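Peer 1: Residue strings, one per chain:
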Amino acid sequence: MKAYFTRAYTISASHRLHTDSLSADENRTTFGKCNNPHGHGHNYRIEVTVGGQIDPATGMVINMATLDAVVHQQVVARFDHMNLNLDPLFANQVSTTENLSIAIFNLLQPALEPAILEKVRIEETENNFFEYSGAEH
Amino acid sequence: MILLTRRATFSASHYYWNPDWSEEQNQVVFGRCANRNGHGHNYTLEVTVTGPVSPLSGFVVDLKWLKDVIEREVLDVYDHRHLNHEVPEFATLIPTTENIAVSIWKRLEAPVTAAGGAQLSRIRVYETGDIFAEYRGE
Chain W
1 MKAYFTRAYT
11 ISASHRLHTD
21 SLSADENRTT
31 FGKCNNPHGH
41 GHNYRIEVTV
51 GGQIDPATGM
61 VINMATLDAV
71 VHQQVVARFD
81 HMNLNLDPLF
91 ANQVSTTENL
101 SIAIFNLLQP
111 ALEPAILEKV
121 RIEETENNFF
131 EYSGAEH
Chain H
1001 MILLTRRATF
1011 SASHYYWNPD
1021 WSEEQNQVVF
1031 GRCANRNGHG
1041 HNYTLEVTVT
1051 GPVSPLSGFV
1061 VDLKWLKDVI
1071 EREVLDVYDH
1081 RHLNHEVPEF
1091 ATLIPTTENI
1101 AVSIWKRLEA
1111 PVTAAGGAQL
1121 SRIRVYETGD
1131 IFAEYRGE
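Top line first, the protein sequences correspond to chains W and H. With the working numbering applied, the first sequence has no gaps in its numbers, which climb one by one up to 137 at the end. With the working numbering applied, the second sequence has no gaps in its numbers, which climb one by one up to 1138 at the end.
If you're looking for bench data, these hints aren't it; they were derived computationally from the structure. Everything numeric in this text was worked out from a predicted model, so none of it was measured. Think of the CB as a built atom: it goes at the ideal place given N, C-alpha and C, for glycine as much as any other residue. Incorrect hints may have been included.
Chain H stretches covered by chain W per the calculated footprint, using a threshold of three residues with CB under 8 Å from any CB of chain W [as the list claims (entries may be wrong)]:
1. 1092-1099
2. 1123-1134
No farther apart than 27 Å at their CA atoms in a straight line, the calculated lysine-lysine pairs in the DSS-like style are these [stated by the list, open to error]:
3. H:K1106 to W:K119
4. H:K1106 to W:K2
5. H:K1067 to H:K1106
6. H:K1106 to H:K1064
7. W:K119 to W:K2
Hey, can you work out the whole structure from these sequences and the hints?
Peer 2: Written out as structure tokens, the structure reads:
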């Protein structure tokens, strides 16, 4: 029996949507307030979903302590109370939440093995959220 | 096809314990959840059904009927109970959120199917606002 287990984590981080491949005017037109040169921030709510068979010995798809340790090491320690634009992952791409979702999925997927990462869903605000389920989806 | 979800809540106590393991191993794997005096949660249950929309009623299922089925099959058995001691399936099954989701599916699948028209699509159980498990009958 396959089940899915999801745990949410919160990080607070700043960012600025900007690309050097556009002019200053084009950046302002494209990104609006998000292009403010001094940046701004969010409380990001990151939902991490793992799928798999329920282990009969534990009743679990994954032990939450294991999941917590991996997410804290790979994601929370790296991004919480940081400026996303200064992370090497965003040296050459805009720090949108779409790109953050993909980056976090790609950080977590190998670190969680043999558990199977199914989805990363990030709420940038309570009205904006983004999902990524891997390249094959 | 439309997906239709009905939400319900129940409050229950439980603990995690594998009787084949030593006390020490239970503590290592389950941590504070292995406290055999139990602890509790306010669970939120989301029951999702799928099916065609009836041209007569405009419904996939009658939500009042679905509410009554959830109350009879799940809430009357789980709400304000100790899952380990008072709910039959957890006499031999650890009442993790994953197993609760599967057990609720098993309780609801037959009555939903028997009513005709809709199929059970997903059971999602929130243990807290930040933790939930899903079972889709796979």
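Peer 1: Tell me, in ascending order, the numbers of any earlier hints that this structure violates.
Peer 2: none
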